[in-house]
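Q: Two chains, two frames, some hints: make the complex.
Chains as they are written, first to last, in the numbering used here: chain A, 32 to 144; chain B, 79 to 188.
If you're looking for bench data, these hints aren't it; they were derived computationally from the structure.
Given the structure is predicted, the values throughout are model-derived calculations rather than measurements.
Computed Cβ-Cβ distance ranges for the label pairs, DEER-style:
1. B:Ile-141 to A:Thr-36: 30 to 40 angstroms
2. B:Ile-141 to A:Thr-127: 23 to 33 angstroms
3. B:Pro-188 to A:Gly-71: 23 to 33 angstroms
To give an idea of the chain B side of the interface with chain A (calculated C-beta under 10 angstroms), a few residues:
4. Gln-120
5. Gly-174
6. Gly-181
DSS-like mimics (lysine-lysine), calculated; alpha carbons at most 27 angstroms apart, straight line:
7. B:Lys-81 to B:Lys-130
8. A:Lys-88 to B:Lys-81
9. B:Lys-147 to B:Lys-130
10. A:Lys-88 to A:Lys-114
11. A:Lys-45 to A:Lys-88
12. A:Lys-88 to B:Lys-175
13. A:Lys-102 to B:Lys-175
14. A:Lys-114 to B:Lys-175
15. B:Lys-175 to B:Lys-147
16. A:Lys-45 to A:Lys-114
17. A:Lys-101 to B:Lys-175
18. A:Lys-88 to A:Lys-102
19. B:Lys-130 to B:Lys-175
20. A:Lys-40 to A:Lys-102
21. B:Lys-175 to B:Lys-81
Here a beta-carbon is modelled for each residue, glycine too, at the ideal position from N, C-alpha and C.
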Amino acid sequence: DGGITQSPKYLFRKEGQNVTLSCEQNLNHDAMYWYRQDPGQGLRLIYYSQIVNDFQKGDIAEGYSVSREKKESFPLTVTSAQKNPTAFYLCASSQTEISYEQYFGPGTRLTVT
Amino acid sequence: DAKTTQPPSMDCAEGRAANLPCNHSTISGNEYVYWYRQIHSQGPQYIIHGLKNNETNEMASLIITEDRKSSTLILPHATLRDTAVYYCIVGVGSWGKFQFGAGTQVVVTP
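Bound conformation, chain B alone (with noise of 0.2 angstroms):
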């Protein structure tokens, strides 16, 4: 499966988008990009994920790029508790293939 490149951190005012970047230079044409994201010392929970086409949700929004080499992912009106950890993840097929890497620490300030 493709690896992925994350930002180690970023920050984000509390109101305003967040853009969490990921690049996944490797991906395949079958492989999906999914989106996670951890709470300090709680379980990852699913947050989107898409093939091809730009995908929303009630939570976030995922663009990815035309040649499918990174995507982003949005937050549109962060809040405090978008405070997180947040994982870009490449795969397909198994989860018992995929791989999680060191995501994104996400702040969101006042």
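Next up, chain A with everything else stripped away, as it sits in the complex (with noise of 0.2 angstroms):
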């Protein structure tokens, strides 16, 4: 089945490590997103990626960091520098950065204790 992973599912960590959250696709998709959700809140775009090798800061860039070193993967790194990094985190790809349609993988909720 073509889709969208991320691993894990749920993810603890203590305050002031960094973290990397896992995202990757099957569907020859060339664009890439990394989205944050709060609780009773809109998703909200941290990274995107149109190409391999090439990222895009979004709306909340500030405290993470990417690499699209291979077209199927989009990991997501959560620094230290994250003031509030608890939340879920949501990957999603499209078949080319103007398609109609995004995929959506099951999110990793983060919490940072």
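A: Here it is, written out as structure tokens:
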């Protein structure tokens, strides 16, 4: 089955630690995205990538970093500089950046204490 | 990209049609209207999109007013599995520029 996988589903970290969230897609999509969602809120864009080895900051990139070394992978690192990292993180992909449909993964719920 | 306004919540009886409104009064001529939904603790799912004409697929119908300043998503026969947050998004071009608002929480009751 084609789709997007995110792992793990739940992640717990101590404050001050960097943590990397995994996102893999086997849809052969060029574009990939990372969103953050807080309780009762909509999705906010962290970073997106239109093509391998290229990515752009979204609305809330501070305290996060990404890489896009392979077409199918777009890992997100939440650094210790992110002041409020506890949130639900969603990865998505689309055929191209202007495709009408984004496909979302199941999400990773990160809790930092 | 244009902003959208949606009611924060609405209830619907199972088996009845659910009509979800969205205002986008500042929409420009080439911007599309997209609808996605998010079941609790899952990733959002694409429902439908349109530019000017009304659209229908196996999930829903999209009615866009002639002046394009508002639209309505219609779930023709709501089921309990349609309970979700529904997002109306307006834009054109890169998804990197689109905005997901808070959406409408729809609760379908037996």
